[in-house]
Amino acid sequence: MSGIATAVDITLNSLVLGGVFLIVAVGLNIIYGLSRVMNLAHGSLYAIGAYTGYTIVSLGVNFFVALLLAPIIVGIIGLIIERIVIAPMRKRSMIYTLILTYGLMFFLDGLIKYVWGNEPRFVAIPAFMRETISIFGTHYPVFRLTTLVTTAAVMIGLMLFLNKTRIGMILKAASTIPEMVSCLGFNMNYIHIGAFILGCALAGVAGIVAGPLTTIDPLMGHEMLISSFVVIVIGGLGSLRGAVFAALLIGLVQTLAEFFITDLAMVIVYMMMAVILAFMPRGLFGEGKFE
Amino acid sequence: MKKLLVVTISMFSMFFAVLMVVAQPAAAVEPVKIGVLVPLTGIVAQGGLEMKYGIEMAAEEKGKVLGRPIELLVEDTQIKPPIAVTKAEKLVYKDGCIALIGVFSSGVGLAIAANIDKLNVPFLTTHVMTTEFYNLHPLVFRSGQLANDQTAVGNVKGILSQPELKNRTYYVIVHDYAWGHDGGERFIALAKQNGIKIYNESYDKAPTSTKDWSSYISKIKASGADGVYMVLITNVIPVFAKQAADFGLQAKGVKFVSGAAPGPVELEAGGEACYGIFSASDWSWDVNNPISDKWEKAFFAKYKTIPSDAAVHSYVGAMNLFNAIDKAGSTDPKAIAAALKGISFEGPYGTVRISAKDNCMRNDAVWTETVAAPENPFGAKVSMKVLKTFKAAELGPPE
Amino acid sequence: MSGSPSMPDSHTSLSPLKLIGLVVLFIALALLPFVWGNRFYISLITEIMIYGLLAMSLDVLLGYTGLLSFMHNAYLGIGAYVVGLFLIHVSPTSLWLACLVGVVFTGLVALPVGWIQVRTGGLAFALLTLAFGMMFYTIVWKWYGLTGGDDGLMGVPSPDIQLFGWSVGNTGNPAHMYLLTLFVVAIALILTRRIISSPFGAVLEAIRENEERAAFVGINVRRYKLFGWMLACVLAGTAGALYILCKGYIGPVTMSAFAGAGVLMMVLLGGLGTLWGPIVGAGIFIYIQDYISTMTEHWEIFLGIVVIFLVLFMPTGFVGLGNFFKRLRKD
Amino acid sequence: MATNRLCIEFEKTGLRSIIGPNGAGKTTFINIITGRIPASSGKVHFQGAEITNKPTHELVKLGICRTFQITSIFNNLTVFENVRIAKQANSGGSLRIFSTKKSLKKVACDTWVILERLGLKDLAGLPAKNMSYGDQRILEVAIALAGDPEILFLDEPTAGMSPAETKHISDLIKGLSKEISIVLVEHDMDMVMRISDKITVLHYGSIIAEGAPEEIRTNQLVREAYLGKDT
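Residue numbers (this note's numbering), protein chains in the order written: chain A, 1 to 291; chain B, 1 to 399; chain C, 1 to 331; chain D, 1 to 231.
Honestly, the hints are just simulated from the structure, not real lab data. Treat each hint with caution, since some may be false.
Claimed, not checked - Think about it this way: if two alpha-carbon atoms lie no more than 30 Å apart in a straight line, the pair counts; the simulated DSSO-like pairs of lysine-lysine are: (1) B:K381 / A:K113; (2) B:K192 / B:K391; (3) A:K113 / B:K302.
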């Protein structure tokens with residue numbers, strides 16, 4: 001197989017991986033940007049998204065319908081979590097919120113194991129997506145290309161929502177100067193709830209999108225959580241451009257590391273994260289700082 | 001007031017939990033307690049569950065040891081060595097088990113073996129493949145899955161016996177820990193001796209947590225190798241096969257040889273993507289002999305799941321252990337160890353003898369290919385068809 | 001000036017009655033293994049004390065300096081690996097030297113890391129500990145030749161050092177290992193309590209309370225945060241040395257992010273800002289992890305509920321409960 | 001530009017007030033001097049030596065102390081500890097890790113002196129967060145005083161105080177201004193006029209008037225800055 005084919009393979013693989021990182025990281029970013037809650041259970045919601053997608057598809061629903069249903073269900077779960085557990089933490093210090101969301105992660109992971117058991121699951125993707133098409137001599141699965149399209153669609157949809165719709169603009173404004181928005185008469189409570197639901201729904205979308213790509217097992221949330229931390233740190237808080245750049249960068253580094261089996265590639269990523277946290281608190285493009 | 005109410009609830013629940021632990025039921029005749037260490041959570045929970053079933057069947061079939069009932073105490077190792085060591089200590093010191101059996105991964109097996117002097121009980125593993133278990137310790141035995149060296153010999157002989165597999169170039173990919181490295185290195189060494197072409201002698205090492213195999217598969221496609229030798233943990237085999245199918249490897253005619261026997265239940269999840277995987281293993285339910293057929297029916301009747309090699313290894317291992325305790329005539333660890341040396345049991349995959357020289361088992365094995373399952377009582381879609389059988393002596397190691 | 005009346009101090013200084021109580025408790029704990037011979041409980045309590053020491057060292061950071069570390073167990077791992085490697089490669093008999101090298105090496109690693117860590121605070125500090133922790137985890141996992149990779153350090157000779165005639169080490173009588181651990185943890189507790197109630201400790205608490213005001217009263221915040229970090233990491237290294245002695249094993253799984261957050265849980269369960277609270281918290285956590293997991297493999301749900309319940313209703317943890325009852329009696 | 005080409009000289013002692021409408025750059029100005037915000041241009045000299053952009057704790061050691069517009073104290077520590085820690089940081093002994101806090105006898109005595117002077121003696125054992133708002137403002141002044149300041153910046157100390165407390169604090173400030181130099185940023189006009197030795201008026205980041213209280217009261221420019229130009 002010629003060098004070009006391999007290059008195409010690597011780029012497509014890193015784009016797909018980066019796309020999933022992006023959706024999860026943006027969800028995490030929105031929740032933190034708007035309500036200063038760093039949700040450690042975000043990885044578990046991503047896993048719940050994958051499992052819900054699996055269950056819906058196994059009940060015979062078409063995959064694309066499941067693509068819409070799963071985020072809604074995870075969003076509802078997000079609402080329940082926000083009302084019961086996150087809201088009372090509004091006034092508490094950041095450290096306690098972190099520890100609380102960590103307990104929530106334990107709880108959700110345990111729930112996943114209780115409901116769906118331990119064995120890995122596979123999503124039955126529609127027949128036409130199972131073929132491979134050849135691009136520049138390499139057979140690339142059609143499904144992974146549709147994942148790229150879905151990721152792009154989700155990001156464009158999000159961009160339109162944030163910039164064009166009224167609610168979107170309020171959310172965007174609230175992430176920079178929360179006090180000002182509340183002075184304009186918007187109930188900050190709804191904004192916090194809205195942000196949390198939107199963040200969870202994005203985790204759900206990433207889950208169902210990534211489901212067929214990787215294995216769906218209870219531990220899928222853990223690695224994704226750490227990768228999304230790396231992305232929002234390097235990309236910078238509250239910046240979509242930063243998140244896009246960082247997500248694709250990490251996707252590329254991880255794919256290359258696996259391709260060329262450089263053992264310490266991930267160490268370089270963590271080192272980059274450390275340098276940025278310590279010396280460039282705004283990340284590469286971010287506006288806000290991690291207080 | 002709210003806080004007070006909440007505090008009393010938490011106090012009550014703690015008290016209740018302690019009560020539940022302390023109130024142990026008193027048994028009439030003192031049973032012989034055997035400690036069972038299997039992974040019930042984590043990625044290999046399915047294999048752990050099947051091991052537990054196999055040991056339970058053996059205990060049921062054996063009934064009594066030294067004239068006393070058998071009591072199995074099961075603990076979850078979560079395939080984490082430090083937790084497995086704590087659980088082993090609990091089984092021996094607190095519950096008073098006189099022997100330990102089970103263990104799925106090499107790391108856990110080696111960690112417990114490192115503490116065996118302190119525990120001072122015989123320790124029989126039924127699903128550990130690392131070659132470090134040969135002659136490791138007088139109290140440590142293996143009566144389960146073929147070791148890495150035996151599997152490598154079986155796979156090389158199997159490849160040589162199939163014309164369509166012999167002259168392929170094999171791409172080697174392993175899980176990144178001691179068992180994977182050992183399995184990969186042994187196959188590469190043996191394959192080179194027998195003229196089987198290997199594409200990457202410095203084999204690929206993938207972290208055990210890998211979920212997305214796309215970059216590894218792209219590398220295999222780029223290499224142009226038409227054979228893949230994979231040393232992956234059982235439940236990851238169908239995942240790898242499925243993603244390889246997504247990328248069209250099977251469609252391009254690439255054949256897969258596995259350094260670990262795939263589990264039937266896991267294969268079901270993979271569907272057709274799992275057809276065409278060759279591997280040397282002890283047993284599959286396609287083996288037809290009176291003992292094997294009887295055992296399969298009894299297993300399926302009791303547990304309603306496809307009989308697997310993890311279950312049958314543990315069943316045979318447990319029978320060997322129980323017979324050894326009877327032979328020793330006491331629960332003294334040294335006596336049981338002496339009895340275990342050289343003991344053998346006529347099980348579903350022939351005689352399984354624990355070699356007196358290195359405390360590890362010798363038994364016949366089969367060379368299988370995964371195919372669409374014929375009509376079968378278990379409702380299995382994928383089956384491991386037996387192509388060739390090996391005699392114990394063929395696989396070695398010499399005694 | 002009418003002399004200086006006794007300083008109203010938020011810490012209850014050690015009244016004589018309390019001192020006697022502590023000595024009695026120490027003697028009782030020391031006699032425990034001989035009275036209650038069951039070896040499982042002895043090695044379980046030894047493990048609880050080791051994790052208690054680690055949780056206490058995290059409390060120095062979190063409870064006293066207000067710095068949250070996600071992966072403080074990484075420094076336990078470094079200490080354990082260095083002691084293990086020293087025993088394997090350098091000399092399997094000189095255990096004391098191995099422990100010293102282990103603790104000192106952990107300090108040497110913690111210094112540059114700490115120098116970068118203290119440039120941040122709050123969430124950035126926590127994420128930075130995650131970054132460094134994952135770095136150490138990946139290095140230990142990938143450096144297969146030296147550390148044995150995912151299977152952990154194999155072949156650690158457990159020398160039987162003669163501690164007043166007793167053989168300690170993971171193959172020896174666990175009672176001796178228990179006594180060594182009790183001795184080391186007790187000393188660490190006394191020393192740390194002394195440091196925390198010293199002028200240096202007061203500076204740490206000021207930084208916890210209000211970092212900016214601390215700078216504006218003339219405290220070099222970064223330098224003192226670094227000292228607090230070094231104290232916490234050296235204590236964690238000591239716990240690491242004890243860990244490999246007690247378990248005879250160390251692997252990446254003990255240094256993972258998952259286990260790191262477990263230590264955080266112990267501090268919370270025990271109670272922030274009370275040095276011996278985290279040791280109680282370690283007992284509760286290990287009890288939940290070991291006992292509950294034998295009854296049902298869904299112990300994670302139970303643990304999740306306990307944590308959420310604690311943070312929402314009882315942030316001062318179980319030890320804080322004691323103060324809660326005291327307050328109850330007063331009003 | 002919060003402050004541009006601003007030049008102010010402070011005497012060794014005496015009470016200088018800085019007034020000006022909201023957003024005139026008063027707080028920004030003292031934030032730059034006290035090192036809370038880095039100065040983008042210009043120099044800051046103190047007793048001859050240049051101290052621009054020095055880290056905060058070094059400035060405090062030199063004697064430049066301040067209080068904040070939003071009260072910034074150690075909430076969970078007792079009132080006594082709040083002042084004691086500031087005293088300890090100033091007079092050394094922080095590195096002693098094995099001796100007890102009581103062993104720093106001089107630090108404890110000085111703390112009692114300051115508490116006595118500010119009338120906080122009987123609140124010594126109370127956690128700072130349980131004090132009234134006014135008392136907390138006074139505690140912050142005590143903390144700043146504990147740093148043996150040569151020059152003390154007070155950012156709206158009387159904001160939110162009762163008239164009685166304002167009277168008490170202004171007398172105290174007046175007394176202090178005899179020994180050290182005090183810079184007061186304040187909106188309470190009659191207090192400023194009553195106790196200031198010299199007043200500087202800031203508007204849009206630059207000085208529009210400087211002088212004794214009487215001159216400032218009758219100054220046309222100042223009236224316009226506050227009341228806006230009458231067309």
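Hint by hint, here is what the structure shows:
The straight-line distance between the Cα atoms of K381 (chain B) and K113 (chain A) is roughly 26 Å, inside the 30 Å bound, and the hint therefore holds. Distance check on the hinted pair: K192 (chain B) and K391 (chain B) sit about 23 Å apart at the alpha-carbon level, within 30 Å; holds. In summary, the hint linking K113 (chain A) to K302 (chain B) is supported, as the alpha carbons are separated by about 24 Å, within the 30 Å threshold.
In summary, the structure agrees with every hint in the numbered list given earlier.
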